[in-house]
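Protein sequence lines, in the order shown, are assigned to chains A, C, V and F. The C-terminal residue of the first sequence carries number 795 in my numbering, and the numbering is unbroken. The C-terminal residue of the second sequence carries number 795 in my numbering, and the numbering is unbroken. The C-terminal residue of the third sequence carries number 250 in my numbering, and the numbering is unbroken. The C-terminal residue of the fourth sequence carries number 250 in my numbering, and the numbering is unbroken.
Heads up, a few of these hints could be off.
Said to hold, decoys possible - Sample of chain A residues facing chain V (criterion: CB under 7 angstroms; computed from the structure):
#: 1; residue: D580
#: 2; residue: G583
#: 3; residue: N624
#: 4; residue: A640
#: 5; residue: T649
#: 6; residue: L653
#: 7; residue: F665
#: 8; residue: K700
#: 9; residue: G701
#: 10; residue: D707
#: 11; residue: G726
#: 12; residue: P732
#: 13; residue: K733
#: 14; residue: D735
#: 15; residue: P737
Unchecked claim - Negatives, chain A to chain V, calculated, CB over 12 angstroms:
#: 16; residue: G595
#: 17; residue: A662
#: 18; residue: N723
Honestly, the hints are just simulated from the structure, not real lab data. For each residue, glycine too, the CB sits at the ideal point set by N, CA and C.
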Amino acid sequence: MLDKNGIAKRIAREVKDGMFVNLGIGIPTLVANYIPEGINVELQSENGILGMGPFPIEGEEDADLINAGKQTVTLLPGSSIFDSAMSFGMIRAQKVNLTILGAMEVSENGDIANWKIPGKMVKGMGGAMDLVASAKNIIVAMQHVNKAGQSKLLPKCDLPLTGIRCVKKIVTELGVFDVLPEGGFKLVERAPGVSVEEIKKATAGKLTVEGEIPEMVL
Amino acid sequence: MLDKNGIAKRIAREVKDGMFVNLGIGIPTLVANYIPEGINVELQSENGILGMGPFPIEGEEDADLINAGKQTVTLLPGSSIFDSAMSFGMIRAQKVNLTILGAMEVSENGDIANWKIPGKMVKGMGGAMDLVASAKNIIVAMQHVNKAGQSKLLPKCDLPLTGIRCVKKIVTELGVFDVLPEGGFKLVERAPGVSVEEIKKATAGKLTVEGEIPEMVL
Amino acid sequence: MINRVVKNAEEAIKDIKDNMTLMLGGFGLCGIPENCIAALVKKGVKGLTCISNNAGVDDFGLGLLLQTKQIKKMISSYVGENAEFERQMLSGELEVDLIPQGTLATRCMAAGYGMPVIYTPAGVGTEIAIGKETRRFKFNGEEKEYLMEHAFDADFAIVKAWKGDTAGNLIYRSTARNFNPMMAMAGKITIAEVEELVQVGQLDPDHIHTPGIYVHRIFQGEKYEKRIEQRTVRKKD
Amino acid sequence: MINRVVKNAEEAIKDIKDNMTLMLGGFGLCGIPENCIAALVKKGVKGLTCISNNAGVDDFGLGLLLQTKQIKKMISSYVGENAEFERQMLSGELEVDLIPQGTLATRCMAAGYGMPVIYTPAGVGTEIAIGKETRRFKFNGEEKEYLMEHAFDADFAIVKAWKGDTAGNLIYRSTARNFNPMMAMAGKITIAEVEELVQVGQLDPDHIHTPGIYVHRIFQGEKYEKRIEQRTVRKKD
Numbered sequence: 578m579l580d581k582n583g584i585a586k587r588i589a590r591e592v593k594d595g596m597f598v599n600l601g602i603g604i605p606t607l608v609a610n611y612i613p614e615g616i617n618v619e620l621q622s623e624n625g626i627l628g629m630g631p632f633p634i635e636g637e638e639d640a641d642l643i644n645a646g647k648q649t650v651t652l653l654p655g656s657s658i659f660d661s662a663m664s665f666g667m668i669r670a671q672k673v674n675l676t677i678l679g680a681m682e683v684s685e686n687g688d689i690a691n692w693k694i695p696g697k698m699v700k701g702m703g704g705a706m707d708l709v710a711s712a713k714n715i716i717v718a719m720q721h722v723n724k725a726g727q728s729k730l731l732p733k734c735d736l737p738l739t740g741i742r743c744v745k746k747i748v749t750e751l752g753v754f755d756v757l758p759e760g761g762f763k764l765v766e767r768a769p770g771v772s773v774e775e776i777k778k779a780t781a782g783k784l785t786v787e788g789e790i791p792e793m794v795l
Numbered sequence: 578m579l580d581k582n583g584i585a586k587r588i589a590r591e592v593k594d595g596m597f598v599n600l601g602i603g604i605p606t607l608v609a610n611y612i613p614e615g616i617n618v619e620l621q622s623e624n625g626i627l628g629m630g631p632f633p634i635e636g637e638e639d640a641d642l643i644n645a646g647k648q649t650v651t652l653l654p655g656s657s658i659f660d661s662a663m664s665f666g667m668i669r670a671q672k673v674n675l676t677i678l679g680a681m682e683v684s685e686n687g688d689i690a691n692w693k694i695p696g697k698m699v700k701g702m703g704g705a706m707d708l709v710a711s712a713k714n715i716i717v718a719m720q721h722v723n724k725a726g727q728s729k730l731l732p733k734c735d736l737p738l739t740g741i742r743c744v745k746k747i748v749t750e751l752g753v754f755d756v757l758p759e760g761g762f763k764l765v766e767r768a769p770g771v772s773v774e775e776i777k778k779a780t781a782g783k784l785t786v787e788g789e790i791p792e793m794v795l
Numbered sequence: 014m015i016n017r018v019v020k021n022a023e024e025a026i027k028d029i030k031d032n033m034t035l036m037l038g039g040f041g042l043c044g045i046p047e048n049c050i051a052a053l054v055k056k057g058v059k060g061l062t063c064i065s066n067n068a069g070v071d072d073f074g075l076g077l078l079l080q081t082k083q084i085k086k087m088i089s090s091y092v093g094e095n096a097e098f099e100r101q102m103l104s105g106e107l108e109v110d111l112i113p114q115g116t117l118a119t120r121c122m123a124a125g126y127g128m129p130v131i132y133t134p135a136g137v138g139t140e141i142a143i144g145k146e147t148r149r150f151k152f153n154g155e156e157k158e159y160l161m162e163h164a165f166d167a168d169f170a171i172v173k174a175w176k177g178d179t180a181g182n183l184i185y186r187s188t189a190r191n192f193n194p195m196m197a198m199a200g201k202i203t204i205a206e207v208e209e210l211v212q213v214g215q216l217d218p219d220h221i222h223t224p225g226i227y228v229h230r231i232f233q234g235e236k237y238e239k240r241i242e243q244r245t246v247r248k249k250d
Numbered sequence: 014m015i016n017r018v019v020k021n022a023e024e025a026i027k028d029i030k031d032n033m034t035l036m037l038g039g040f041g042l043c044g045i046p047e048n049c050i051a052a053l054v055k056k057g058v059k060g061l062t063c064i065s066n067n068a069g070v071d072d073f074g075l076g077l078l079l080q081t082k083q084i085k086k087m088i089s090s091y092v093g094e095n096a097e098f099e100r101q102m103l104s105g106e107l108e109v110d111l112i113p114q115g116t117l118a119t120r121c122m123a124a125g126y127g128m129p130v131i132y133t134p135a136g137v138g139t140e141i142a143i144g145k146e147t148r149r150f151k152f153n154g155e156e157k158e159y160l161m162e163h164a165f166d167a168d169f170a171i172v173k174a175w176k177g178d179t180a181g182n183l184i185y186r187s188t189a190r191n192f193n194p195m196m197a198m199a200g201k202i203t204i205a206e207v208e209e210l211v212q213v214g215q216l217d218p219d220h221i222h223t224p225g226i227y228v229h230r231i232f233q234g235e236k237y238e239k240r241i242e243q244r245t246v247r248k249k250d
């Protein structure tokens with residue numbers, strides 16, 4: 578079973594040299610900590626940064642320099658600042674190669690729900706709808722089941738959708754799953770110590786398990 | 578009868594304090610020389626300048642600083658530079674208050690032709706089609722008749738159009754004309770020494786002459 | 014040059030009336046027009062429709078105008094972290110139109126660029142698409158569905174910049190830029206408050222983010238608090 | 014940061030092939046990619062479709078590629094001052110698509126901003142509108158007709174900037190900016206030549222006009238002629 582950092586660490590492997598990457602709030606933010614040495618990527622923050630750096634050293638916070646999660650951040654040498662229209666322009670024009678974000682539910686055909694629980698939580702979609710509608714490569718980082726113990730990998734999302742047919746890969750505490758073009762979740766790797774049976778039990782949507790499923794080595 | 582500078586001088590009176598003005602190539606460019614002291618205007622050049630200044634002093638030309646006519650120019654204090662998309666964005670959004678340009682023909686209903694003579698001259702429309710399609714206030718500066726002696730104020734344009742129902746005012750060497758909302762040219766002022774009869778003879782389109790027409794004093 | 018300077022926030026907002034539509038720059042509490050918000054609270058103008066990416070926090074930013082119930086409707090992309098907002102929304106006191114952040118930015122840009130509508134794929138297949146015209150287009154070799162979205166139509170845009178000159182030219186600092194440039198371009202009347210107002214000629218024309226043609230009134234604000242919403246730091250290595 | 018540096022113009026354009034579509038920055042001879050144009054002439058690649066506001070003059074700028082008959086089609090807004098161009102156009106050797114300058118700029122912008130189409134009133138009621146979809150929209154309180162225009166789809170964009178860094182960030186100088194930023198955003202592959210190439214960290218992030226994400230290849234050009242097309246001066250007062 579993976580903890581949040583384990584999920585982030587596993588996702589970091591999907592980040593390839595030369596990529597421009599947008600990291601959502603929560604676990605995706607942690608991915609930045611695990612990108613291997615020698616892999617040059619630039620982080621895009623949709624409020625208007627390319628080349629976002631780590632949190633500032635204590636005392637060096639700048640109120641004018643925040644990320645899309647409103648956290649104080651820094652700029653790396655070679656970074657650039659732009660307005661929100663250009664930011665979403667580069668997202669729509671698919672210049673950002675990889676988007677990693679959290680989800681409440683993902684369906685077999687790659688639909689994602691992550692912005693609203695009717696009657697309960699309505700904080701807004703922020704930039705998520707723009708990102709999932711345009712990004713060519715979307716990885717979801719999330720817990721496999723919700724607090725009520727129900728699977729979040731579903732035949733069909735129950736919650737209001739953020740985007741349709743867009744998620745390509747899911748990493749949970751239990752394993753790594755590809756969303757198949759024809760629909761369905763394909764188990765790619767098991768988390769350390771997790772059995773295929775456990776994963777089957779926790780997955781409500783159609784799960785494809787072909788041959789021996791390797792246990793991931795982090 | 579006005580010469581080119583006279584036409585420019587007369588048009589300069591239409592420029593009011595606080596206006597952003599786009600001046601076309603030819604006579605319109607001369608208008609800048611006659612804007613009265615105390616009238617603060619900013620000249621927009623559609624290749625990306627607000628606050629364009631006069632030609633540079635000899636020896637101070639800068640290849641990177643030209644106007645839409647490709648002439649070397651200068652920047653006034655408080656000027657700004659922007660790209661062509663923003664430039665035409667501000668034109669379309671009607672932030673530019675006044676457009677002054679030349680024409681080959683203007684029709685009674687305010688159509689303008691100034692970019693093409695089929696089989697003869699095809700240099701292109703440049704920014705003229707954008708300007709005339711969006712500007713709220715368009716003044717045409719031109720000769721009243723063409724080189725063949727034919728009137729350029731017509732019932733209907735013969736040449737390919739640049740824009741429709743857009744010209745509000747025309748200043749020629751013979752006088753000043755308003756284009757009436759219901760169609761037709763209304764004689765507003767006569768050029769010094771020009772009679773109403775001469776103007777009538779040189780105007781092919783419907784001309785309205787109401788009461789005594791004052792001779793302009795420059 | 015055309016002088017755009019007004020004395021202060023009170024003068025800048027003097028003709029903002031009840032039931033008008035305002036655009037307000039900023040992302041979270043970053044790059045918000047603090048002085049104008051304070052002046053709007055003081056003026057007590059009511060029934061406002063506010064186009065702003067966020068709604069501030071309970072006691073700062075647009076949260077101040079929510080407390081005093083001066084806002085009738087919010088058009089935003091994210092409104093979390095604001096208990097009073099949530100209360101007013103759930104009780105039905107406050108109308109809320111939640112739209113994707115890129116759609117919000119691009120509808121501002123459309124207004125500034127004279128484009129009556131734009132097409133975006135954001136929200137296709139979701140409840141955002143309900144009642145909207147859709148159309149399939151090919152872009153970048155891929156055909157997909159887009160939503161038609163209209164340019165915003167705001168009476169006033171109120172933005173905050175770092176530096177500005179008397180001709181209204183603006184320069185933003187770091188991510189305090191965010192929505193400010195597009196909103197500055199989009200307002201029928203645009204008000205800019207700046208941390209430092211300089212004479213014309215002191216800003217490099219190549220560095221101007223918002224040309225003065227878009228800015229109708231400019232003033233130097235005072236007492237900027239520039240509150241940080243999520244102070245996150247790391248230890249020195 | 015991701016290093017975008019290539020050695021020179023030859024390397025930058027090495028995979029430009031016959032019959033491709035190129036965007037080339039510049040207004041007149043101002044801000045044109047001189048080094049890449051020279052390299053294209055040397056390479057001899059043919060059948061090009063060039064999207065460029067102008068076509069250079071007889072012996073400079075895109076005029077050089079016209080002399081060698083490497084251009085099949087020009088998409089421009091103004092092509093005066095070029096006798097060889099006129100000859101090829103009138104003889105039918107060269108296809109020419111003349112479009113309004115704002116339409117040209119905005120179709121580049123649309124490509125860079127992921128907008129498949131845009132609407133503009135430019136050309137309504139003229140021969141430019143023939144065969145195009147039109148639609149009435151209300152904007153700024155006024156209803157009028159607009160033409161639907163498509164985003165450009167170019168294989169390469171070739172731009173010229175003043176300064177650039179190894180991550181591909183670009184800063185333009187004065188009116189040499191013109192079409193370069195939108196074209197940089199619009200190319201499937203974007204090549205930037207700069208007068209001065211610096212290391213990352215030497216350009217102020219707030220001053221970047223084109224973020225490096227849009228630029229795939231960058232190099233420092235050489236021997237910039239920067240020819241002036243219309244030298245106009247006044248006497249010292």
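Is the interface hint for F665 (chain A) satisfied, with its Cβ closer than 7 angstroms to some Cβ of chain V? holds (3 angstroms)
Classify the hint on G726 (chain A) as holds or violated, based on whether any CB of chain V lies nearer than 7 angstroms to its CB. violated (25 angstroms)
Min Cβ distance, A640 (chain A) to chain V: is it shorter than 7 angstroms? holds (4 angstroms)
So, G583 (chain A) near chain V? Judge it on the closest CB pair being under 7 angstroms. violated (21 angstroms)
Classify the hint on T649 (chain A) as holds or violated, based on whether any CB of chain V lies nearer than 7 angstroms to its CB. holds (5 angstroms)
Is the Cβ of A662 (chain A) farther than 12 angstroms from every Cβ of chain V? violated (4 angstroms)
Next item in the hint list is D580 (chain A). Is there a CB on chain V closer than 7 angstroms to its CB? violated (20 angstroms)
Taking 7 angstroms as the limit, does the beta-carbon of N624 (chain A) come near enough to a beta-carbon in chain V? Hint on N624 (chain A): holds, closest Cβ of chain V at ~5 angstroms, below 7 angstroms.
Should the interface hint for K733 (chain A) be scored as holding, given a Cβ-Cβ cut-off of 7 angstroms against chain V? violated (13 angstroms)
Should the hint that L653 (chain A) touches chain V count as held when the rule is a Cβ pair under 7 angstroms? With a minimum Cβ separation of about 13 angstroms from chain V (threshold 7 angstroms), the hint on L653 (chain A) is violated.
Proposed interface contact between K700 (chain A) and chain V, which counts if any beta carbon pair is under 7 angstroms: holds (4 angstroms)
Proposed interface contact between P732 (chain A) and chain V, which counts if any beta carbon pair is under 7 angstroms: Cβ of P732 (chain A) sits 17 angstroms from chain V, so the hint is violated.
The structure shown violates the earlier hints numbered 1, 2, 6, 11, 12, 13, 14, 17.
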